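**Student:** Below are the chains, spelled out letter by letter.
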Amino acid sequence: MQARVTAILVAHNGADRLPRTLDALRGQTRQPDSLVVVDVASNDDSAALLTAMQPNGFLSSSTRLSFGTAISHALGVVSPPQSEDEWLWLLAHDSAPAPDALAALLGAVEVNPSVAAAGPKQMEWDNPSFIAGFGESITRYGASVQLVERELDQGQHDRMSDVLGVGAAGLLVRHSVWNELGGFDPALPTADNALDFSIRVRLAGHRVITVPDARVSTSGDGYSGPGTSARGGERRHRQAVRRAAQLHRRLVYAPAFAVLFHWLSLVPLAVARTFFQVLRKQPGAVAGEFAAAFRTAFSGRVGEARRRIRSTRKVGWSAINPLRIASAEVRRRNALLRELALSRARGARGAHEELQFFTGGGAAIVVAAAVVSAVLFFPLFRAQALVGGAFLPLSGTPGGLWANIGYGWRDLGLGFVGASDPLTYLLSIFGSITFWSPSIALVVLYVLALPLAALAAWFCAAKLTTRQGLRVFAAILWTIAPPFLASLDAGALGAILAHLLLPWLILAALSAARSWSASAIASLLFAATVAAAPSLWPALLVLWLGAVLFSRRAVARYIGIPIPALVLVVPLAAEQFMRGTPLAFFADPGTPAAHGSVSLLDLLIGLPESGIGGWSDIGSTVGIDAPTVELVAAILLLPLALIALVALFLPRPGRAVVGVAIAIVGFATAFASTLITVASNGQDSISVWPAPGQSLYWLGIVGAAVAGLSTFTRLASIPSVIAALAIAVLAVPLATSMLFGTSSVRASTGDALPAFVTAEAAGNLRVGTLVLTPLASGALAAAVVHGRGSTLDAQSTLDSTRTGLSASESQLADLVGNLASRSGTDASVELARLGVEFIVLSPATGTVSADGAAASPTADAAAVVVRAASSFDANASLTPIGQTFAGELWQITGTPGFSALPAPEPTNTGTSTGLLILIVQAIVFGLVLLLALPAGRLEAHGPRAVTAVDDVPEPVFIDEEELGRVEAERAEAERAEAERVRRDDELVLASGQAAPDESAAASSPAASSTAAPSAVPPPPSSPSSPSTSSEVNRGE
Amino acid sequence: MASKSSVIRTGLRIVTSVIVVAAGVAAVTAAATVPWPSVSTGVPSVTVTPVASDQTRACPGPFVTVPTDAGGGSSSLASPGGGFAIWTGSSPSGTSVTTTDLAAPDSPGSDAKPQKLTAPGGDGILIAGSQSEQQFTGGDLIGLATSACAEPVADSWLAAGSTTTGRSSVIVLSNPTDVAATVNLAIFSEAGPVPAPGASGIVVPANTQKSLTLAGLAPDALSPVIHVTATGGQVYATLQQSIVRSLDPGGVDVAGPTEAPSTSHTIAGMQIVSTSAIAERAADPASSDLPAALRVYVPGSAGAAVAVTFKSETLGVPDVTASYSALAGVVTDFPFPSLPDDTYSVTVTSDQPVVVGSRSSVVSGGTDFAWYPASPAIGGTFLFATTVGPNPLLMLANSQGTDAAVTLTPAGGAPVTATVSGNSASGIPLQTSTTYTVTTSAPLSAGVGYLGDGLISACTISPPSPLASPVTVYPGG
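Protein chains in written order, with UniProt numbering: chain A, 1 to 1036; chain B, 1 to 477.
Since the hints were derived computationally from the structure, they do not count as laboratory data.
Since the structure is predicted, the reported quantities are computational estimates derived from the model, not experimental observations.
Where is the CB? At the ideal position from N, CA and C, for every residue including glycine.
There may be inaccurate statements among the hints.
What the hints assert, rightly or not - Derived list of chain A stretches under chain B, where covered just means 3 residues or more per stretch with a C-beta under 8 Å from a C-beta of chain B:
#1 199 to 208
#2 326 to 337
#3 570 to 584
#4 798 to 808
#5 817 to 829
As the list claims (entries may be wrong) - Just the calculated beta-carbon pair ranges, DEER-fashion:
#6 A:V542 x B:S6: 30 to 36 Å
#7 A:G654 x B:T33: 29 to 35 Å
#8 A:G741 x B:T100: 51 to 57 Å
#9 A:G396 x B:T100: 47 to 53 Å
#10 B:T33 x A:V371: 42 to 48 Å
#11 B:T33 x A:I559: 25 to 31 Å
#12 A:S620 x B:P193: 36 to 42 Å
#13 B:G192 x A:T628: 31 to 37 Å
#14 A:D16 x B:V18: 43 to 49 Å
#15 A:V371 x B:V18: 30 to 36 Å
#16 A:P902 x B:A186: 45 to 51 Å
#17 A:R331 x B:S6: 35 to 41 Å
What the hints assert, rightly or not - Computed list of chain B residues with no C-beta within reach of chain A, every gap over 12 Å:
#18 I8
#19 T16
#20 T41
#21 D54
#22 A85
#23 W87
#24 E151
#25 D178
#26 G232
#27 V244
#28 G329
#29 D333
#30 T349
#31 Q400
#32 T402
#33 T407
Using the sequences provided together with the hints, build the complete structure.
**Tutor:** Here you go:
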């Protein structure tokens, strides 16, 4: 009996694809017996095109129906099947069948009476020699698998016949079976619609086959199937739909007793898979996971689908088991896919990514910096902790460190409840590394600062230039950068950290265009940098905004970079804002340390304090007047500045322009820092330390200089050596300040208080000590410290930037004033009530002037020490203990009711606010860390990845011409080497044997490999194995 | 076409670079020229005015001396007994003054004890006291010794005494505080610093007086100067001296602390009497310490050129000046120039910091001597008390250029007004055993002198302790 075919063509806004589809239909060698078209809510001229086809039936829908539903509607105008030989041919507007497609399909089903559905080989629309899809299956656990996807058709799959499922486009299905099974599941609009149908066909006792000779071109518009668009939004939508389809099928196929269990697991699974998706660098899939879980849980279509299967199933589930794809096969496909992706990534990077850290001088410059550092910081050898500048010892245990993060009691002085500085988080991490003695971490950081700076700069420069000499040049200039050395000299911990982190931040940010991992690392580095130096917030936000504006397709990987930093800083910023001191947000964290003012010239040289980095003092000692010293200093900076300036006018100045722009932003930051005076320590107002801004400024200048020098074909070494030498001369006094003892930083035993107090603190953990420091004006600075002394992690900018005194602070001041005077009240009783048991009176020290020279103490300071000491001596409640390294020590004795203070309350988890802050921060940082961690085999690649970085072109930071030249040089060298080897061989083989030509032949391809790395993703390579490029959905 | 677009592209690049350079220049220029607003929050601090403390004065108590039957340097001291009188007063009237005895373990057996005067602290509350002793029962002691009741201090200088033959000197350390004081004595003489192992680490228990014979520490010192430093509690240091020339009693006196090293000192008043009789007797070596003299110690390493001006309290008498050259590191007693009998203020100026004290004697109707320490200038209102003694005289010296209007109000009496002209001295006769309130419009140095037949003595009036001044505290940092 002659088969009767009804073609059903469904179009949805397909005017640009329809003509080809319709032409293909007209060109069929076996014309369908009737044609029913459905126009689904098209608002282009699809309807007109369809009408022109003069179909046997025309339906128009005003609502957006799914492909399966539209076909079911279309069948309403088709007469019910009279025999088993009536077939339906399902086509979408983007399914253009080859002329013999229908004939081949019919030919296949006619010889196989048991076949109820036959799928054609789906070819790519624009590239008909590539297979878009050919057969589908599911794993043991029900995940759908495309058997063939995006493969060059070399006939390798032409023997495939029986499959579990096929694609929807071009599907030929027996009309009676379609009606019997009720068509496609309405809950599966695109993904798995035909797969699910095919499975039901199989369960109804029929066969499903693929027909290799029938070809249908599909464009993957996403109407008849999930689509193949590479656009990010489409990818994310597709992932959600696929996931929803899988969950729906899971609930439908599951045994009845397991349905409830599966239903309950939907949302918990979505949460778990969120972490998994983040770990495999697919953050875009997270929203889809939840959407799919909730859509499936509350769709209400599961019961209907289960009933449909129950009523039509004729064979057991075990019947389809042979057609499922095996786990081993799934793993094999994943491995092949990963290898393919990696080889493509390698191909895209090119030879210049071989960093040659060890052979190219990177390791040498780091080792040299380490040796120089060992000499310069020799006095810190065996130090247990650092004091001076912003440095103080850390808490004695990692637990003590972590107790100081978040929102809670700040045990500083009399204490208050507030948010911690973001720097505390960094300190907690550092201190936990050397958990046996946290303070040592800062000593190690300080001593290793120079090699770490060299390392960071070398790797950052390696992103900009292939020239090993210039990388070393950048590393040297970054290591001897004046703001860096001045910060080391002044003990500005935050500025030191910012200087060490900035090159890594730039490097990670440049790499973020292609890598979610790099983006996450950049966001962590951003958070660390602004935690160390809040003054960099505006500048880094400006640079971030620029990166977002110019990132184009990679915008998703840039837009989130400040989020971890914001999560870290919002509690503090909110508190500062509500207190009415928004600018105090920019105060440097750490111990507030007074520093000198700075002139514009020093600011431009990169020095955060006046005095030309110590040269002014040296000049005045040997009799050179200040203007001469300043002139010489300006001349020393000139070579570097000139190189950066000239770089702007060399060919291809783009990178130099960016560098100079960064330098301008950095300079503006540094200058603005000098205008903001928000912190105080004792009587000193402290302006924001300008060095972090200057580090940015220096980064821009050095970057521009490197960019400029890399365009020199020769003689680049002369200006770079001159510039580096000039800066080195400038840096000598700052670099050697530790050796000459003029540095603010010095080694400490880790104890801030006398041993007598420390011993007492062993038993009474929060024993209070009143530390009085005489000031030059004759005033007293009074601080209450608890336990073993003030620690760096307990410091808070909320305290150092307060503008008024709390009631308890006023009371303390009153007590101290009376205690240090011949007074009618005995303040020691009240002090004891505050938990103060000891009083330390620091000796009068001279103020440190701007140039770092210590002056002798003023008469007023000496007088107030005498006054306080004699008052304490005269106080019968105070027992003098004696002179200690920290000053004179008294103990309050004879006061009844002297009790140990309780542990500070509330802890950082003691309030709901504090707990919420910590939880939010933990979640955000946990996710970012997952995203940053290399996931290896778990990382998703290929067309099913939601965020496929492979398709984004690598931004080219390396000068292409330079790259070409380097490649040519390398090829030349290889050829010369090959030539030499050949000649050697000839010599060896000169005794009558034929000289082998292989080496010469092998060298010739290298000579032509001067092409720049391609920004276009290479086309899918032809696989040697049939399943090389097939896609597997994993993670069930 | 291609060349045209490349020209445009090159042009664009150059324009971009120029714009960037211009932006850089503009940024630096703006930083240099624009008066940017700067944000500066203040530094929180509190200036604390201490709660007024209890006023405390120590009266050194009766004269102690080395018993004649004991050798020099003995630690056993005794109070010879005599006409001991003490007078205390307070202002405003009605202020309760508590008088308690200080323990005096070094001179047991005496009826009279050194005393501690305390009054509750408060604005304007002043207390004062002074004591005198004469008509000694012991055979070798004659004359008058007066002393003010004064505040204990941590650091004081004594420029008085002698330990040559017949001269007995006792350092009396009175600790009226509730804290034991550890006292170190640095002794200097005409030979320079005197090594005295026993002079350091002297513990004076709380509310106790300790007496040490200077001869035990610095034997045979003609002109000692003693620097007393106390840690822990504070002490009121006085030096009691008695003289016996051969067998003739030469008088007694109690010298209070003088001023710390400075380049200018004022001795408020010196009573110069019997100059002609003293001049006759001064030829005797044993009487070489009869003529009035100025004791100068130069603590530094450079010698001092000292200029001394004697201003008579009598109007119209011209000032007498003298110049001395004092060696560094040693104590020198300089004889006074020839002066008519009168009361003089002595102003000492020096190019190096010096410590000074002076001495004068009376020989008519008995022999006695007196030490006059330098006294600080006091402004505003202060209180002092006179005690039993002949012809008490308030001696005022004005070292300033401006006139000082002085109102002297005896307790229960009518006020007396006087004017002390700039750079002059003035004396106002007083009644014995009376408390006086003095209000002055300009800072004055002040002392009280007693002068009678064979009796001479003086004591200075000290300002309140500077410890109670306000202090600025920066809490929290």
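**Student:** Could you run down the list of hints and mark each one as holding or not?
**Tutor:** Taking the hints in turn, this is what the structure says about them:
1. 199 to 208: violated (count 0)
2. 326 to 337: violated (count 0)
3. 570 to 584: holds (count 3)
4. 798 to 808: holds (count 7)
5. 817 to 829: holds (count 8)
6. A:V542 x B:S6: 30 to 36 Å: Roughly 32 Å apart at Cβ, these two residues keep to the hinted range, so it holds.
7. A:G654 x B:T33: 29 to 35 Å: The hinted range 29 to 35 Å holds for G654 (chain A) and T33 (chain B), with Cβ atoms some 31 Å apart.
8. A:G741 x B:T100: 51 to 57 Å: holds (55 Å)
9. A:G396 x B:T100: 47 to 53 Å: holds (50 Å)
10. B:T33 x A:V371: 42 to 48 Å: holds (45 Å)
11. B:T33 x A:I559: 25 to 31 Å: violated (38 Å)
12. A:S620 x B:P193: 36 to 42 Å: holds (40 Å)
13. B:G192 x A:T628: 31 to 37 Å: violated (50 Å)
14. A:D16 x B:V18: 43 to 49 Å: With Cβ atoms ~46 Å apart, the hint holds.
15. A:V371 x B:V18: 30 to 36 Å: violated (44 Å)
16. A:P902 x B:A186: 45 to 51 Å: holds (50 Å)
17. A:R331 x B:S6: 35 to 41 Å: violated (54 Å)
18. I8: holds (15 Å)
19. T16: violated (6 Å)
20. T41: violated (5 Å)
21. D54: violated (6 Å)
22. A85: holds (29 Å)
23. W87: holds (25 Å)
24. E151: With a cut-off of 12 Å, E151 (chain B) comes too close to chain A, as the shortest Cβ separation is near 9 Å.
25. D178: The assertion about D178 (chain B) is violated, with a minimum of 4 Å to chain A.
26. G232: The claim is violated: G232 (chain B) sits with its nearest Cβ about 5 Å from chain A, within 12 Å.
27. V244: Its Cβ never comes within 12 Å of chain A, the nearest being 39 Å, so this holds.
28. G329: Fine: 24 Å to the nearest Cβ keeps G329 (chain B) off the interface.
29. D333: Label holds. Min Cβ-Cβ 31 Å, cutoff 12 Å.
30. T349: Correct as stated: the minimum Cβ-Cβ distance to chain A is 21 Å, above 12 Å.
31. Q400: Given that every Cβ of chain A is farther than 12 Å from that of Q400 (chain B), nearest at about 23 Å, it holds.
32. T402: holds (27 Å)
33. T407: holds (28 Å)
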